Amino acid sequence: MSTPVRSKPKLRLVLHDPAATGSLLGRVVAVAIGIALGAAFLALQPNVGSSLFSASWSSTLGSALGISQLTQLATPLILAGCAVAVAARVGLWNIGVDGQLILGAWAATAVGFYAPDAIPGAPLVVLMMLAALLGGALWMVVPALAYAYARVNVVVTTLMLNFVAYLWLAYWITGPWSDPSYASLGLSSQPVPDRASLPHFTVGSIEIGVAFLVAVAVAVLLWAVFRFTHHGFRTAMAGADEQVASYGGVNVGRLHLQALLASGAIGGLVGVIVELDRVHRFSSSLSDNTGYLGIVVAALAAHSFAGATLMGFLIAILSATGGALSISGVSSSVVLLLIGILLLMGAFADVPARYRLLRAGAEEPQE
Amino acid sequence: MSWDLAHVSLIGAVLVAVPLLYAALGELITERVGVMNIGIEGVMSVGAAAGFIAAVKSHDPAVGLLVGTAVGGLFTLVFFALPVLVFRTSEILVGFAVWFIGLGASAQFGQSYAQEPLKAEIPTLKIPLLGAIPGIGDILFAQPWPYYAAVLMAVAVWFLLTHTAHGLNLRGVGDDPAASYGSGVPVLRWQLVYVSLGGALMGLGGAVVSVVLTQHWQSGLIAGRGWIALALVIFVGWRPLGLLWATYLFGILLTLEHVGQAEDWAIPAPILAMPPYLATVAILIVRGRRGHRLAPAALGTSFLRGGR
Amino acid sequence: MRKGNKMTRTARSSLWLLALLVGTAMTLSACGGGGSADGGAKKVKLGVLLLGNGADDYLNLGFRVAANKAADEVGRDKVDLKFVSGVGYNPQATALTEQLFRQGTQVVVDNLSLQQLFYDACAKYPDRICQEEYTLGKVPENTSGFWWKFWQGYYLEGVAAGMLSKTGVIGYLASFKQNYENAHMNALALGCQSVNPDCKVKSVIINNWYDAAKSTSAAETLVNSGADVLAQFVDDTSSVVVARKMSTPSRPVWGFGLHLTQAKFGGDSYVTSMLTAAATQKEITLGLRAALKGEKPPKGPRVYGIGQGMSLGEWGPKVPKEVQDRVAGIEQEIADGKNVFVGPIYDSKGKLRVPEGESLTDKYMYASWDWRVRGVTGG
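Residue numbers (the working numbering), protein chains in the order written: chain S, 1 to 367; chain E, 368 to 675; chain H, 676 to 1054.
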């Protein structure tokens, strides 16, 4: 280890652990650079006044309205992040949350339409959510079985089924469920009954939807399941190393199947929660690239459910800041650029942890 | 549907498939060296905007395609290859970053060209003799040159990967980078080169959309084609020649959606648009396990590299 | 090792958040909290929400032109104009609208027809003015709607198409299956059939508001299946570009644009465009004037037709004089109040829907036309 130094000590950068996830300092620096880059870029834009930054602040964490809106924006992102994370824990990527949320909302809407009037609001909402779980899981059945029995790549099957789901939505809302008295240019079905909605309540002057609490509850529940049950342990094993898990007596195939179906079910919840919270119709408004952002959330959170809750909030802040910027006259394309740069910086946050500065000739320290 | 309509539709479907072929080929090369770039959509957008701007300025579509290729490659090198390969950042996060940055940058820098017309036609090139084959001659052998270039490129990639020592080493990089490194292959350098080349092809695919297909540019032009390319690579089991028929099949099914409507088939339009996606899933399932074994062995690991 | 990893995972998350907050706060203080700089004369704040699921299309361009002209009309010094681009059909649109109000915006124009997503915000600020493209049914007190009588424009295009077409088939690119799309293709067919009784309209649905590559391919398919005139409601240039690309001396193909002139895309194949920006300008001026006086604009929906701010634009270089004259004549008649949608009108199954002597009202064609006239086929 301590070879005598002959000349001046030369330093070299050595990749120490390619999978290490970040030091604290690394993260702070990376995010600060990201924000500085973004701010510098914005300062170069025309029509950007000095009020821009205060506007961004007051429309996110700087006001009661901002915080209320953040909880609303974060709700589907948290759920989508959890959905992706469940599958990612066994090493599979569910790119199809957008499809599952559409089918989940479709099933829930069907319940909303055809449930007898005698069923009061609360049970109806619960029924609709159950239908959504089922709908999302059913939309995942084909990809899950195909993977479990024939190792058909989940990325492709779930991704392709997204396109099918968009068309399925278009079919129902321009066909059987179309509402000629609400011919929005954005597409929507007839409304579900008024009583099928999740209430909002206020804490101080901050308005919070029950939908948000549901999302957080799902995250907590998942955390508990994976933390305290045998099932969670097996999943962790399978995700870490399939072969080792198999030797350890874990039925990896069944675990994959379960994880994918659970992921699909939670994905199914994403759409109905937005529907019950705000939209009240089966509609193209239920998703705003939510499934794709869910992947970002899960990846940033390193598949942790607590992390997904925080990261869902972070993406909500980004997206609300984007909204504030576009109100300030910054074009929406710049907003996309900024989100991209911040994601890039987020990825860079892991870098410092993976390298060690070593003296030339020194051995890399062993784990 | 008349035979004539079927025939001209099959001719049109070829050009619909070309951008997918370029983009998927780019992703295929990328994945063959063990890296997955899911930001295809972003790279294509950048290529489409840059290519269109260059074509408008130079009045020459060939210049546009060339610039789209170069910018696609450079963009991928800077925003994807360097962060992922040199700085070891997470492929999935950086891939998404590339998607957003590509969409945003192309919209921002292309904004003033959204109302610019491009009137530089790429003429149809009919190949002597082959072009005269009845039935298929004018489908496969009477198209603009970017189509022939795409087919030749696919064949070239196939030849490189399966019939040359270099290609064998490349596949080694994708299957077992550590072993390759041990046997003296400059893994990092090759990955940088081929991931960037892959990006160049994606950029070219985007430029084909704006310069050849629509002759018009607006933000949002790529509209999901990058994601389809991503799926098609896995669909064909990472085999370049497979892409030839797979992209064409996709092109035909995409065209069929419009033919069916124009011919007043009694099927709702959204349902008529589903077959390309359903067929992909169905064929994958039918092919089953054989598809899985074709994947570059190290691909999954690198996909998760930053994940846990 | 495992434990350490877990800790950094949570730490990572919270630090991200913290760093973002600190960063924002730092930049904020560095900028000295400029505040709003609208001191001096009282200005009306106008916000225009522009559709943006990726595309900055011709509808948006029309709104940018119209809002700027409206601001000029009431006086630039009295208007503080903001465009909010990239708005989608999702709950964030509600949040954006609310933020606009909170910043003191008095008039908000919605060019995407957000409906409930817009009303949720408008209802919370009853003292402000909301103007929305295409409203239907119940709207909040402070919200008024507007739209264009596209059916009149498509009728005129149909007349021109009937005179230009050799095959007697018009291709139409639709966005989604909706009643207003029926009105467009029906009007095309009726206009065309007033010249050529056997005229047919073939429509193809794109299932999207903007996908130029798809609409290009659809337009080509329409030409392949017999159409030699192309019209569209998909907000791009595909109809015009494809007409130019597929035109041959022996078989000319013609294309119509939408919202703004698209002459430079179509070359010799260009017929004309339906222009809508002047009507939009009227509507926005109405809102601005009302806001300046502290009133509300009259309840809508106002539907602007030919002669009321909607018109056909300049003619393409190769459109024969007789076509221009005839269409201009009918355009004048419609502007003077003539209803061209008169019976007898048969539906696509041959049933008589509008008997001789009766006519269709604008109100009906606005949103209720749920059947297709004879000669209209396709998706």
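The set of hints was computed from the structure by calculation and includes no laboratory data. In this text, all values refer to a predicted model and were calculated from it rather than measured experimentally. Treat each hint with caution, since some may be false.
20 Å max Cα-Cα, derived SDA-like pairs, lysine to any residue [claimed, not checked]: (1) K720(H) / G329(S); (2) K717(H) / D802(H); (3) K486(E) / K720(H); (4) K486(E) / D943(H).
Taking the hints in turn, this is what the structure says about them:
| no. | hint | verdict |
| --- | --- | --- |
| 1 | K720(H) / G329(S) | holds (13 Å) |
| 2 | K717(H) / D802(H) | holds (17 Å) |
| 3 | K486(E) / K720(H) | violated (41 Å) |
| 4 | K486(E) / D943(H) | holds (12 Å) |
Hint check: a violation occurs at hint 3 only; the rest are consistent with the structure.
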